[in-house]
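Based on these hints, arrange chain B on the given structure of chain A.
Residue numbers (the numbering used here), protein chains in the order written: chain A, 1198 to 1380; chain B, 9 to 513.
These are calculated hints, taken from the structure and not from any lab test.
One thing to keep in mind: the hints can contain errors.
[Said to hold, decoys possible] With a straight-line cut-off of 30 Å between C-alpha atoms, the simulated DSBU-like cross-links for lysine-lysine are:
hint, chain 1, residue 1, chain 2, residue 2
1, A, Lys1298, B, Lys440
2, B, Lys450, A, Lys1318
3, B, Lys229, B, Lys163
4, B, Lys450, A, Lys1373
5, B, Lys452, A, Lys1288
6, A, Lys1298, B, Lys452
7, A, Lys1288, B, Lys403
8, A, Lys1368, B, Lys450
9, A, Lys1318, B, Lys481
10, B, Lys440, A, Lys1373
11, A, Lys1288, B, Lys450
12, A, Lys1368, B, Lys452
13, A, Lys1318, B, Lys471
14, A, Lys1330, B, Lys471
15, A, Lys1368, B, Lys440
16, A, Lys1318, B, Lys452
17, A, Lys1288, A, Lys1368
18, A, Lys1318, A, Lys1298
19, B, Lys452, B, Lys403
20, A, Lys1298, B, Lys403
21, B, Lys452, B, Lys471
All values reported here derive from a predicted model rather than from experimental measurement.
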Amino acid sequence: MLSAALALTFLALVFGLLLGYSSIRFRVEGDPVADQIDAILPQTQCGQCGYPGCRPYAEAIASGEADINQCPPGGEQVIQALADLLGREPKPLDPDRGAEKPPMVAFIDESDCIGCTLCIKACPVDAILGAPKQMHTVIADECTGCELCVEPCPVDVISMVPVEEDISHWKWPLPKVANGDAP
Amino acid sequence: MRLWSFHGGIEVPGHKEISTTRPVEPAPLPKRLILPLSQHLGAPAEPLVAEGEEVLKGQMIASPAGFVSAPLHASSSGKVVAIGEHPVPHPSGLSAPCITIETDGEERWVEREQRDFRQLEPAEIRETVRQAGIVGLGGAGFPAFIKLNPGRTIKTLILNGAECEPYITSDDMLMRERPEQILRGLLIIRRAVQARRCIIAVEDNKPEAERSLRQALGSMKEDADDIEIVTIPARYPAGGEKQLIRVVTGQEVPSGGLPVQVGVVCHNVSTAVAVYRAVELGEPLISRYVTITGGAVAEPRNLEVLIGTPVEELLQLCGTDPGAVQEVIMGGPMMGISLASLGVPLVKTGNCLLAVGRGEIEHPEVMPCIRCGNCAEACPMSLLPQQMYWHARAKDFDRLREYDLFDCIECGCCAYVCPSNIPLVHYYRFAKSEIRARQEQKRKADIARERHELREQRLAREKAERAARHARKRPGPSDESKKAAIQAALERARAGKQGAAQDDV
Chain A
1198 MLSAALALTF LALVFGLLLG YSSIRFRVEG DPVADQIDAI LPQTQCGQCG YPGCRPYAEA
1258 IASGEADINQ CPPGGEQVIQ ALADLLGREP KPLDPDRGAE KPPMVAFIDE SDCIGCTLCI
1318 KACPVDAILG APKQMHTVIA DECTGCELCV EPCPVDVISM VPVEEDISHW KWPLPKVANG
1378 DAP
Chain B
9 MRLWSFHGGI EVPGHKEIST TRPVEPAPLP KRLILPLSQH LGAPAEPLVA EGEEVLKGQM
69 IASPAGFVSA PLHASSSGKV VAIGEHPVPH PSGLSAPCIT IETDGEERWV EREQRDFRQL
129 EPAEIRETVR QAGIVGLGGA GFPAFIKLNP GRTIKTLILN GAECEPYITS DDMLMRERPE
189 QILRGLLIIR RAVQARRCII AVEDNKPEAE RSLRQALGSM KEDADDIEIV TIPARYPAGG
249 EKQLIRVVTG QEVPSGGLPV QVGVVCHNVS TAVAVYRAVE LGEPLISRYV TITGGAVAEP
309 RNLEVLIGTP VEELLQLCGT DPGAVQEVIM GGPMMGISLA SLGVPLVKTG NCLLAVGRGE
369 IEHPEVMPCI RCGNCAEACP MSLLPQQMYW HARAKDFDRL REYDLFDCIE CGCCAYVCPS
429 NIPLVHYYRF AKSEIRARQE QKRKADIARE RHELREQRLA REKAERAARH ARKRPGPSDE
489 SKKAAIQAAL ERARAGKQGA AQDDV
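Just chain A, with the same shape it has in the complex (with noise of 0.2 Å):
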């Protein structure tokens, strides 16, 4: 009797001190599932999840706090994966956060723009070019399309223009089902 519990002792000290230890050692830093997720989101960095950007709103799923189905440029195709990787139940996307677009870029009518700046210190990903009072211009290639120097332009030159389909870009079309060929 005393034999097994001074056994049983030992070995859950053995092994709490063998824990102590690899919880100390093979700490992971920050938070793997957040990466993941931030990974899936299309890094518009609009804030129309209502997070300040990507990484904020994936930190808010990872939590918990938010749900999945509020990333608008992501559409079903990030509510889909983000359903996969969390092993949820995909949902339709969140009106109230926006309607799922398709792809746009910012373009600047450079005649009519006064160099105010306030396009650059609201764009998110450096995408906007231009100093004071001098002419500014979105570089295409880097723009998310987030909108987001829309709103803070004082004279209204700043449209969102359907980027462009050219041959490089062109995807075949999912072939029309018929009406037989049914699963």
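Here is chain B on its own, set in the frame of chain A:
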């Protein structure tokens, strides 16, 4: 020589005899040549000329942009009249940047340097081939110089004269009419890749081509000992690179790998002729043999066509009845692309124009998949077409990659044997382009994340710097100097008081 066989494949009616009855002639010079900047895999070329500039035949008018790219040459002399968007042969039917030349009919050549390839180092041959804008003329359009620079020991060099797709006879006619140039090109490629053994593979439905090659080989005085001409059974797609390697050498190219991994390099016979002309005659790639055939063509035949000639003119030359045309395909009926407009130019990879007559190719009604498994038996890449079809429909792209979707060569065997007429290859093309688009999207998202993080860091740094500046300003002069100043003021005041007191006395 022992031959092997590849998995699957199909037997298809050839329809080749209709376009091989007439000798090949050069097509007349068109008034306008439209030269797309992207006729190859890789980055589009960059124009070297401006609108209004006079160009000579064979002059380089666009330079390669990056390593996997190819330059472009004027197919005839004339004046550049436009640089801009023009419809090109592409399944989307969209336009792409092109250089349009109005020909002057004088055919003035640039200076051509004629050389003997035996005097050239392999690196010089590769550079010449690169500068000549030669791409794989069998259909893929991969810049040929890259395949001349394998970076590994090459045991076998295979020249592909299989031409397995129905209707197409341009390689056949080339082998019949220019066997010496093919052999000469083969020797040049052999020197570039330093191969030990050379094989020219011809399907057994082209006996004339084989005979003429053998004759030319027999009359060759030197270097002929390591060259073999092999007849392989006609079975579609025996001309596919991996299938041909399997048939000729018995080796399998690993999934996702390249032929060099098994010590083989494969070039098309047309590419060999282009290499010969570039190295020995100093002529860049500005023309090619094209088969113009199909039920709607009155005189189906092969023509030697300048790159950039409008498709419409070529069809007219062979007496095509526009009313009888159901569709025009560039390439063959299995893998070609349907042209949305006939104003598009013939490009480097355009080996055939197939003007399909009404009812010649049927598009029967699509029915549900009955899971018969015929597609898996026909697949020459040993894939599982039916599984890939279901996953493509469900847009389950991760699963599709597990099924090696990217090994699919889009040969169309599965769709050909499908009793339900499901356009299977279309589903795979959809899935492939969707996966590529998502990869691109991911790449752009990663860049955006990095830019956003760098910006956040910069803002934080600027804030900290500003705070530090403020902190420095507030205390102003140091405590000791302050104390000294106060002390001095106090003393001045005291001295003033004392002085005043003395005055009072």
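Now for the hints, and whether the structure bears them out:
With a C-alpha separation of about 23 Å, the suggested pairing of Lys1298 of chain A with Lys440 of chain B holds against the 30 Å cut-off. Distance hint between Lys450 of chain B and Lys1318 of chain A is fulfilled; the C-alpha atoms sit about 25 Å from each other, no more than 30 Å. Using a Cα cut-off of 30 Å, the hinted pair Lys229 of chain B and Lys163 of chain B holds, with the two alpha carbons roughly 23 Å apart. At most 30 Å may separate the alpha-carbon atoms for a hinted pair to count; Lys450 of chain B and Lys1373 of chain A meet this at roughly 27 Å.
At most 30 Å may separate the alpha-carbon atoms for a hinted pair to count; Lys452 of chain B and Lys1288 of chain A meet this at roughly 26 Å. At roughly 17 Å between alpha-carbon atoms, Lys1298 of chain A and Lys452 of chain B fall within 30 Å of each other, so this suggested pair holds. This hinted pair checks out: Lys1288 of chain A and Lys403 of chain B have alpha carbons roughly 17 Å apart, not beyond 30 Å. This hinted pair checks out: Lys1368 of chain A and Lys450 of chain B have alpha carbons roughly 16 Å apart, not beyond 30 Å.
For a cut-off of 30 Å, the pair hint linking Lys1318 of chain A to Lys481 of chain B stands: about 27 Å separates their Cα positions. Our distance criterion of 30 Å between C-alpha atoms is met by Lys440 of chain B and Lys1373 of chain A, whose separation comes to about 17 Å. With a C-alpha separation of about 23 Å, the suggested pairing of Lys1288 of chain A with Lys450 of chain B holds against the 30 Å cut-off. A C-alpha spacing of about 17 Å is found between Lys1368 of chain A and Lys452 of chain B, which places the hinted pair at or below 30 Å, so the restraint holds.
A C-alpha spacing of about 14 Å is found between Lys1318 of chain A and Lys471 of chain B, which places the hinted pair at or below 30 Å, so the restraint holds. Between Lys1330 of chain A and Lys471 of chain B the CA atoms are separated by roughly 24 Å; this keeps the pair inside 30 Å, and the hint holds. For a cut-off of 30 Å, the pair hint linking Lys1368 of chain A to Lys440 of chain B stands: about 9 Å separates their Cα positions. Distance restraint check for Lys1318 of chain A and Lys452 of chain B: the Cα-Cα separation of roughly 21 Å lies within the 30 Å cut-off, and the hinted pair is therefore satisfied.
For the hint linking Lys1288 of chain A to Lys1368 of chain A, the alpha-carbon distance of about 26 Å falls within 30 Å, and the restraint holds. A distance of roughly 24 Å separates the Cα atoms of Lys1318 of chain A and Lys1298 of chain A; the hinted pair therefore holds under the 30 Å criterion. Between Lys452 of chain B and Lys403 of chain B, the direct Cα distance comes to roughly 22 Å. Compliance with the 30 Å bound is thereby established for this hinted pair. Between Lys1298 of chain A and Lys403 of chain B, the direct Cα distance comes to roughly 20 Å. Compliance with the 30 Å bound is thereby established for this hinted pair.
Taken as a hint, the Lys452 of chain B and Lys471 of chain B pair is honoured in the structure, with Cα atoms around 28 Å apart against an allowance of 30 Å.
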